[in-house]
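2 protein chains.
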Amino acid sequence: MKIIDYKRSELFMPYGYTGKILRIDLSNNRIWIDKHDELWYRTYMGGGCIGAWYMLKEMKKGIDPLTPGNMLIFSLSPIVGAPVPTTGRVCISCKSPLTNAFGESQMGGYFGPELKFAGWDAVVVEGKAKKPVYIWIKDDKIEIRDASNIWGKSIGESQDIIQSELEDSRIRVANIGPAGEKLVRFACVINNKKNACGRTGIGAVMGSKNLKAIAVRGSGNFNAKDLSSLREKAKWFNKNFMNNPSDRSLNLNGTADIIDDMNERGMLPTRNFKKGYFESASMITGEKMKETILIKNEGCYACPVRCKRIVATNEEWKVDPSYGGPEYETIGAFGSNCEVSDLAAIAKANEICNRYGMDTISSGVCISFAMECFEKGIITVQDVNGLDLKWGNAKAMVKLTEMIGNREGFGDILAEGTKRAAEKIGKDSQQYAMQVKGQELPLHEPRLKVNVGIGYALSELGADHTRVEHDTDFDLYAPEIFIEQAKTLGLLERLPNDQIIEVKVRQYYYLQHHFSMLDTLCCCFYGFAPVRAYTMTDLVEIVNAVTGWETSLWELMKLGERRWNMTKIFNLREGIGVKDDWLPERFFTSLENGVAKGKALDKEEFKNALKLFYEMANWEPDTTIPRRAKLIELDLKWLADLWLEWVDKK
Amino acid sequence: MKIIDYKRSELFMPYGYTGKILRIDLSNNRIWIDKHDELWYRTYMGGGCIGAWYMLKEMKKGIDPLTPGNMLIFSLSPIVGAPVPTTGRVCISCKSPLTNAFGESQMGGYFGPELKFAGWDAVVVEGKAKKPVYIWIKDDKIEIRDASNIWGKSIGESQDIIQSELEDSRIRVANIGPAGEKLVRFACVINNKKNACGRTGIGAVMGSKNLKAIAVRGSGNFNAKDLSSLREKAKWFNKNFMNNPSDRSLNLNGTADIIDDMNERGMLPTRNFKKGYFESASMITGEKMKETILIKNEGCYACPVRCKRIVATNEEWKVDPSYGGPEYETIGAFGSNCEVSDLAAIAKANEICNRYGMDTISSGVCISFAMECFEKGIITVQDVNGLDLKWGNAKAMVKLTEMIGNREGFGDILAEGTKRAAEKIGKDSQQYAMQVKGQELPLHEPRLKVNVGIGYALSELGADHTRVEHDTDFDLYAPEIFIEQAKTLGLLERLPNDQIIEVKVRQYYYLQHHFSMLDTLCCCFYGFAPVRAYTMTDLVEIVNAVTGWETSLWELMKLGERRWNMTKIFNLREGIGVKDDWLPERFFTSLENGVAKGKALDKEEFKNALKLFYEMANWEPDTTIPRRAKLIELDLKWLADLWLEWVDKK
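Sequence lines, in order, name chains A and B.
Under our numbering, the first residue of the first sequence is numbered 1, with each subsequent residue one higher.
Under our numbering, the first residue of the second sequence is numbered 1001, with each subsequent residue one higher.
One chain only, chain A, in its complex shape (with noise of 0.2 Å):
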């Protein structure tokens, strides 16, 4: 293995914090290693940071997702591995091919830690294997391996397979399904069968590589410069998470806890996001999952919360356990959106989806799209291979779900996304699709939790509801310890969840660098964000007890606001920009029914916090484009360079 310095400057830099980054050339079967200096690591830290760092430094502008140029970056963070809850995600970053935008995706399990035990920050796969391989990562021994005979098989059955084969059952593996290689543009990486990073497609990124799967096992211990002080952390947040009433609400019921809560204010996104009410509603949550199919709760790494739902059902849909059970946004998306109010069927639908591997949100977005079409006869019984879509028929919802894995019949349109599927279809479908950017939107209602519809429209990554995660639940579950931790970021007011205003934007502004922090140290924000157990003060701690900095808040939050920037001049050199800022027309009309009724988002008012948004964000407001001041204030003078370098070559 060839090693590569990065080398930024000789600076006094005593902590000794190091890590090491894999690199594999898939095309041309190099394997190296990048050593970056301790200033790297503290600039950049992990997640879509490193990622969008790579991304930018090393992809060639303009390239085809589903092409060899992509990278597929999986990148960890200092305290990913930490003994300590929710710190312990995987990140991964590609050029996207449902948005053609910057593509991140996280996911818990065991994936992350393994491969920090294993002495690696960050994986960077490129290139394209001549036929199907797997990765196979042993401490610092790397292996590309043949996959034929697990090529075209299931998440869960190619794990299996995996495992025998190594001889090791404790091996982790993140893997992609029949879905990925069939290059369906919302298809996932799996691990550990349940734990997804489930947007923006990065499994058809990885499935057009040849790539089956990354499987690592790591028999080093994690390093840490204070590992008792991680070690009173966890005891702490083992003894006290219940006493928080979100992580309670969580460990409980699961993330599903919330549809009551949400159908009865109104904003339980139903038939297509046209109405806030489902009148089933009582039959798809969490506490009707504990009463009925649930048969245990799984967690992640470290993690004492366990919100993850193992359910069996022993009727017609056969649920096969590994696979897990359906979050909240499943649940939206398969049955208030569909209006279908059978548990087992959404249960189905979540187990076929983690399967083929492939996304829960955008394939039951898809679903819905196809449905709104039926109904109003742009698509017909013929045109959907006999199904009738009408709402709330689970049985089509589950057969056209395995259909989308096999992009089959009219599944293969829908696996292409609403955006590309309206394309093909025509005849004005296009006002069904439920999308930004190309990405299908998740179950949170932007007519009542503004934020999160700001977040939609700006996000990065299309419609992520991770921007600036759930608003109301500040109302909803603990006002007393959102305000306690949202003033640790200076948000010293309690607003209005759903309406337009100038001081929500600057809300808007900095829980966005708080939620990306999060996401570029591979945090959980069930841990975290406000309403959450650990406090930021305890974040601060995490990450300086791991590394033996003195990081703090700032530097932490500058980190967040560092990575969306650097994504953000990825787009734009991808040619996405001010135009993509958008939500679907149906949010500036009347929500259908529901206590909210008659609620729509304002079209001039919402441009004006758009508009806010980039001033503040010290953007040029008419192109979106970061000022030169903005990025050298980020640490990212190389970046404000590049950025000129590009504009000159246009």
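Don't read these hints as lab results, they were simulated from the structure.
Any given hint could turn out to be false.
The calculated SDA-like cross-link candidates involving lysine to any residue, where the alpha carbons are at most 20 Å apart (straight line), are [said to hold, decoys possible]:
hint, chain 1, residue 1, chain 2, residue 2
1, A, K376, A, E423
2, B, K1611, A, L644
3, B, K1607, A, R627
4, A, K153, A, P245
5, B, K1611, A, A640
6, A, K235, A, S219
Anything over 12 Å on all C-beta distances counts as not near chain A; from chain B, calculated [unchecked claim]:
hint, residue
7, N1029
8, T1067
9, K1130
10, W1391
11, Q1430
12, G1490
13, E1555
14, R1562
15, E1615
16, P1621
17, A1640
Ranges of calculated distance between the beta carbons of each label pair, as one might list FRET restraints [unchecked claim]:
hint, chain 1, residue 1, chain 2, residue 2, range
18, A, L642, B, E1604, 33 to 41 Å
19, B, G1598, A, L642, 50 to 58 Å
20, B, T1623, A, G62, 19 to 27 Å
Each residue gets a CB set at the ideal place from its N, CA and C atoms; glycine is no exception.
Dock chain B against the given chain A, drawing on the hints supplied.
Leaving out everything else, chain B in the frame of chain A:
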């Protein structure tokens, strides 16, 4: 007393941190109390943020600073009076008679804590008393008392008389001397006879109100949510400050400890900033002071550093020890910058300044200005009342200092500050006026400390070294400490002090937030700035221990940024803008001696640095008007709205 409530919004505020602000209208003998909610205290906290809030809300535009419409705002912060070192300063704000811009200065000593123990967070004085008065604050009991018997008296005498009249030698007195009464434009307010709010002419404003002094005695305790953790912080500091190279040298040799180093580096301002090397520097160092005239150290409330010098001389100058000894700035101004090497004479000039109550920096730089005019033949012996103003003439220097305090002869002209004096003198003398926005330069060489130079040009207060203090210190004393603490702010690289480069502006920008934060919290930078004993984390923890809040360095840095944006808007309203952000021509010409001989700032580079800063600050770069989005981001929507009103009225 009438009580007026300011409420921004009804909000959830569980900490219960509150305070009260004393209002006094001297014109109408009115006394009342402002009660603000906790949100207000958390948003503005203290210092110049409180000062600017009142000045922006209540002061009429365009007033002459020496008329009753000016306000004089003594403000503390939540942590003033806490039983920890270096958090006990008091801030005074007003419209400056020296610059016509925002005026502000801070002083240590004991006045701030005493005001806090009396129950007040700020005292806002407006109007003008019909005859000389002083204000007597005994807890809740407020009196406006006759001061005819002390008008005309020195700082020392008037303090003694007040204490004896009120029969309590522990009363703390902040007062003006004859210079303030005579409206010397750089007159100061002093407490404890030697702790001065030196800059921007606050003493003249106090004089213009016929207000001789504020005397205060408080019988309350300091309230803190977690007193024991404050005690821990103090214990740690008391035990460890001598291990910190910077605080140790401050203790041993006072602020003048740096003279030798500065000289060797060619950056000791000499001969009115023409030179960077003073041949006789070794005669005026902190060490020389210790060997000769020093009789003891003194310090401020709760502080073990005791950097204040107490000096006495029996020779011709007969320095009164009760006025303390000269600081670095004072020695630079009266010493090297006038090429005076007689330390006792410098100590005498310092004593005169404290006795008359005027700023040692402006006084000294006025004299070096006069000496250069004299050298160039622009003014003659006749013009200066027979003084032989040649470089290095200690006697003439001391005499002229006293003449300024008395506004006697040529002293009357210099009492207007170098900018106005040069206008009176004419004949191109303006080129020798080392001032920005009308305020004289502190004794730091912009050609070699680029950040300080940028700070001189940009500071809303006029030339001011507290905007970004001493960037060279990072190298001088303790790079390993600097790098550790600066990284907390996200400054990861050591940059050359003497080069204008883009990333240097980034460093300046963050450090400016930082120093402004320290000022807003009324902290002494010798405890907290990079290279100092406490870390930034300590500061956050101290604020939290006092208030019960869970603040962060993010919120506090934004507080600092809020302050300089508020003062910027004040200046813009008063017509002080982009045209006033510049250095004297001299600094674009070569240093004439020392190791850095030949060094000059590049005009184009300097201009570009300012432009880059404006963009970084999210101000319109051509006008330096903060963009509306920036003000809203800083939680200053009310100010953004006010600004629009003001613009409309134009």
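Each hint, compared with the structure:
This hinted pair checks out: A/K376 and A/E423 have alpha carbons roughly 16 Å apart, not beyond 20 Å. Using a Cα cut-off of 20 Å, the hinted pair B/K1611 and A/L644 holds, with the two alpha carbons roughly 18 Å apart. Our distance criterion of 20 Å between C-alpha atoms is met by B/K1607 and A/R627, whose separation comes to about 18 Å. For the proposed pair A/K153 and A/P245, the alpha carbon gap of about 41 Å is over 20 Å, so the pair is violated.
Distance restraint check for B/K1611 and A/A640: the Cα-Cα separation of roughly 16 Å lies within the 20 Å cut-off, and the hinted pair is therefore satisfied. Note on A/K235 and A/S219: the hinted pairing is violated, with a Cα-Cα distance of about 24 Å set against a maximum of 20 Å. Annotated as non-interface, B/N1029 keeps its C-beta farther than 12 Å from every C-beta of chain A; the closest such distance is 37 Å. For B/T1067, the condition that its CB be more than 12 Å from all CB atoms of chain A holds, with the nearest at approximately 36 Å.
The Cβ of B/K1130 sits about 42 Å from the closest Cβ of chain A, beyond the 12 Å cut-off, so the non-interface label holds. Under the 12 Å C-beta cut-off, the non-interface status given to B/W1391 relative to chain A holds; the minimum distance is some 41 Å. With a closest Cβ-Cβ approach of about 32 Å to chain A, B/Q1430 is found to remain outside the 12 Å limit, as its non-interface label requires. Not every C-beta of chain A lies more than 12 Å from that of B/G1490, the closest at about 4 Å, which undercuts listing it as non-interface.
The Cβ of B/E1555 does not lie farther than 12 Å from every Cβ of chain A; its closest approach is about 4 Å, which violates its non-interface assignment. For B/R1562, the requirement that its beta carbon stay farther than 12 Å from each beta carbon of chain A is not met, with the minimum near 9 Å. The beta carbon of B/E1615 is not kept farther than 12 Å from every beta carbon of chain A, the shortest such distance being approximately 3 Å. Non-interface status of B/P1621 relative to chain A is broken: a Cβ of that chain comes within 12 Å, the nearest being about 9 Å off.
Distance check for B/A1640 against chain A: the nearest CB is about 8 Å away, which does not clear 12 Å, and the non-interface claim fails. Checking the proposed 33 to 41 Å range against A/L642 and B/E1604 shows it is violated: the Cβ atoms sit about 24 Å from each other. At roughly 36 Å, the beta-carbon separation of B/G1598 and A/L642 lies outside the given 50 to 58 Å, and the hint is violated. Between B/T1623 and A/G62 the C-beta distance comes to about 39 Å, which lies outside the given range of 19 to 27 Å.
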